[in-house]
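Enquirer: Those protein sequence lines, which keep their order, are chains A and B.
Just so we're aligned, residue 30 is where the first sequence starts under the working numbering, counting upward by one.
Just so we're aligned, residue 728 is where the second sequence starts under the working numbering, counting upward by one.
It should be emphasised that the hints constitute simulated quantities derived from the structure, not laboratory data.
Misleading hints may appear alongside valid ones.
[As the list claims (entries may be wrong)] Okay, the calculated beta carbon distance ranges per label pair:
1) B/728 <-> A/201: 20 to 30 Å
2) A/47 <-> B/817: 51 to 61 Å
3) A/248 <-> B/814: 55 to 65 Å
4) B/808 <-> A/35: 19 to 29 Å
5) A/237 <-> B/783: 51 to 61 Å
6) A/55 <-> B/731: 56 to 66 Å
7) B/891 <-> A/75: 41 to 51 Å
8) A/36 <-> B/821: 27 to 37 Å
9) B/731 <-> A/201: 42 to 52 Å
10) A/222 <-> B/792: 42 to 52 Å
11) A/54 <-> B/735: 28 to 38 Å
12) B/731 <-> A/153: 25 to 35 Å
13) B/817 <-> A/55: 29 to 39 Å
14) A/47 <-> B/793: 19 to 29 Å
[Unchecked claim] Subject to a maximum C-alpha distance of 16 Å in a straight line, what follows is the list of computed EDC-like cross-link-like pairs (lysine to aspartate or glutamate):
15) B/739 <-> A/254
16) B/780 <-> B/808
17) B/780 <-> B/746
18) B/783 <-> B/754
19) A/55 <-> B/741
20) B/783 <-> B/746
21) A/198 <-> A/261
22) B/742 <-> A/54
23) B/783 <-> A/101
24) B/893 <-> B/862
25) B/738 <-> A/54
26) B/742 <-> B/754
27) B/793 <-> B/730
28) A/198 <-> A/254
29) B/751 <-> B/769
30) B/751 <-> A/254
31) B/783 <-> B/741
32) B/793 <-> B/729
These figures come from a predicted structure and were not determined experimentally.
Note that beta-carbon positions come from the ideal geometry of N, C-alpha and C, so glycine has one too.
One letter stands for each residue in the lines below.
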Amino acid sequence: MKDYIPEVSTARMQQVIQAGQNFMEKNLPERTPLMSLFTEQMRYVSKFFWACQVLVLLTAAAAVIVLPPGFEYAERLISGISPFVCFLAVPEMTKDLYWDMSELENVCKNSSSTIFLIRLIIVGLANIFTLTGIAGIFAGAFEEVFVRIVICGMVPFVWENAMCLLLTKILPVKSRTGAVILCVIMAMAVAAVSSSVLPLSQENPHMQFVWLASAAAGTALIAAEVKMILRERKEGVFLWN
Amino acid sequence: MEDRVLIRRIKKGDKAAFEELVVKHYENIFAYCFRRTGSRQDAEDLTQEVFLKLVKAVYKYQSTGKFSNFIFTIAVNCCNDFLRRQVRQNEREAAGDASGELTGNVMPVEQGAEEKAIIREDSRVLYRRLAGLNDTQREALILHYFHGFRAREIAAMTGVPLATAKSRIRQGMEHLRRQYTDEGEEEL
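For reference, chain A alone in the conformation it holds in the complex:
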């Protein structure tokens, strides 16, 4: 179809350009530097979370003092401890949903997904730092291979986080206390299961496969859950509970 359209007025077009440029001048895009975002979010991480990290490290140090050098169950021990390193991680990352802060965060400068990601990095790094510290202490004190100790600690750690994310999404958890209780129960279950499974040091090739496959599966589950959460937050859709 062809039709008649009046000629564009150059003066009017210039007026549009001017109006748009004036708006741009008054509303310069402000991006929060990544470092400020981290320090800002660090302030909101609960003191209990940091206390928990210190407590677990002290527990590991106490275990080293109490147990004899060359303790043969070091791998089982770290498997039992590691879920307690991170049981506060999920309630910490999702606390905005329990405290009805998500609506507020959604209208703020930084998107809800960015804030979730920053919290995930802070909490995750703190947990990994603690776990590596414990693994280092155990490997040194009990004369174990460091990598093996790390894997035995990492698998329950990954599964604790994966299951907690999944359960807090599926179950009708309405408060942070509820989420913490759920994660503690989950940590006990994961610790019980992982410390009862044959550790890596047993010269059993099948067990090595089981541990590595379990680590891969747990990591894949976490990645999928985080991706889904970020997508929901980006779209502004919270299907939490």
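Given the coordinates of chain A, work out where chain B should sit on it, guided by the hints.
Expert: Relative to the frame of chain A, chain B by itself:
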């Protein structure tokens, strides 16, 4: 320069990029607004509104498809809001009018004497026919036939299912054809 490059530059505060973007798309958006409103003045005002909304929304824009779809979505919404306001205004005026006659038109044709002279007869007839369609069909037809958007893109812009967009185009076209053949005029 490609639209996505211009958008990236605008996001960084480059005013020249905004100028380039306006120059590139102004005519097309103005044409759409003119086709929807039938008035040069309204079309110019709406075009300005579209670009101002664009510059406000551009910081949140993420390149996921064609930029033209994004800017036309804004234009569609601006025109729909404008026409809705106009219908309400007409209704209010009609309610206050003793004769009960509508004093406005959903899609008025240019009234200025000079512009009347230059509007081609066939365009005027076409606009009158288009004005006879319902607003959703007119919107779909303009986007499809004048601006070359596919039904899928129109569905996304207007927020309706694909089947609805297709049926609006089809029914609008049938309606137009019927009007032309009924009056013995040449088909579109």
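Enquirer: Take the hints in turn and mark each one as holding or not.
Expert: Checked hints:
no.: 1; hint: B/728 <-> A/201: 20 to 30 Å; result: violated, 52 Å
no.: 2; hint: A/47 <-> B/817: 51 to 61 Å; result: violated, 33 Å
no.: 3; hint: A/248 <-> B/814: 55 to 65 Å; result: holds, 57 Å
no.: 4; hint: B/808 <-> A/35: 19 to 29 Å; result: holds, 22 Å
no.: 5; hint: A/237 <-> B/783: 51 to 61 Å; result: holds, 57 Å
no.: 6; hint: A/55 <-> B/731: 56 to 66 Å; result: violated, 25 Å
no.: 7; hint: B/891 <-> A/75: 41 to 51 Å; result: holds, 50 Å
no.: 8; hint: A/36 <-> B/821: 27 to 37 Å; result: holds, 34 Å
no.: 9; hint: B/731 <-> A/201: 42 to 52 Å; result: holds, 43 Å
no.: 10; hint: A/222 <-> B/792: 42 to 52 Å; result: holds, 47 Å
no.: 11; hint: A/54 <-> B/735: 28 to 38 Å; result: violated, 19 Å
no.: 12; hint: B/731 <-> A/153: 25 to 35 Å; result: holds, 33 Å
no.: 13; hint: B/817 <-> A/55: 29 to 39 Å; result: holds, 36 Å
no.: 14; hint: A/47 <-> B/793: 19 to 29 Å; result: holds, 27 Å
no.: 15; hint: B/739 <-> A/254; result: violated, 33 Å
no.: 16; hint: B/780 <-> B/808; result: holds, 13 Å
no.: 17; hint: B/780 <-> B/746; result: holds, 15 Å
no.: 18; hint: B/783 <-> B/754; result: violated, 20 Å
no.: 19; hint: A/55 <-> B/741; result: holds, 13 Å
no.: 20; hint: B/783 <-> B/746; result: holds, 15 Å
no.: 21; hint: A/198 <-> A/261; result: holds, 12 Å
no.: 22; hint: B/742 <-> A/54; result: holds, 8 Å
no.: 23; hint: B/783 <-> A/101; result: violated, 65 Å
no.: 24; hint: B/893 <-> B/862; result: holds, 15 Å
no.: 25; hint: B/738 <-> A/54; result: holds, 12 Å
no.: 26; hint: B/742 <-> B/754; result: violated, 19 Å
no.: 27; hint: B/793 <-> B/730; result: holds, 9 Å
no.: 28; hint: A/198 <-> A/254; result: holds, 10 Å
no.: 29; hint: B/751 <-> B/769; result: violated, 20 Å
no.: 30; hint: B/751 <-> A/254; result: violated, 42 Å
no.: 31; hint: B/783 <-> B/741; result: holds, 14 Å
no.: 32; hint: B/793 <-> B/729; result: holds, 11 Å
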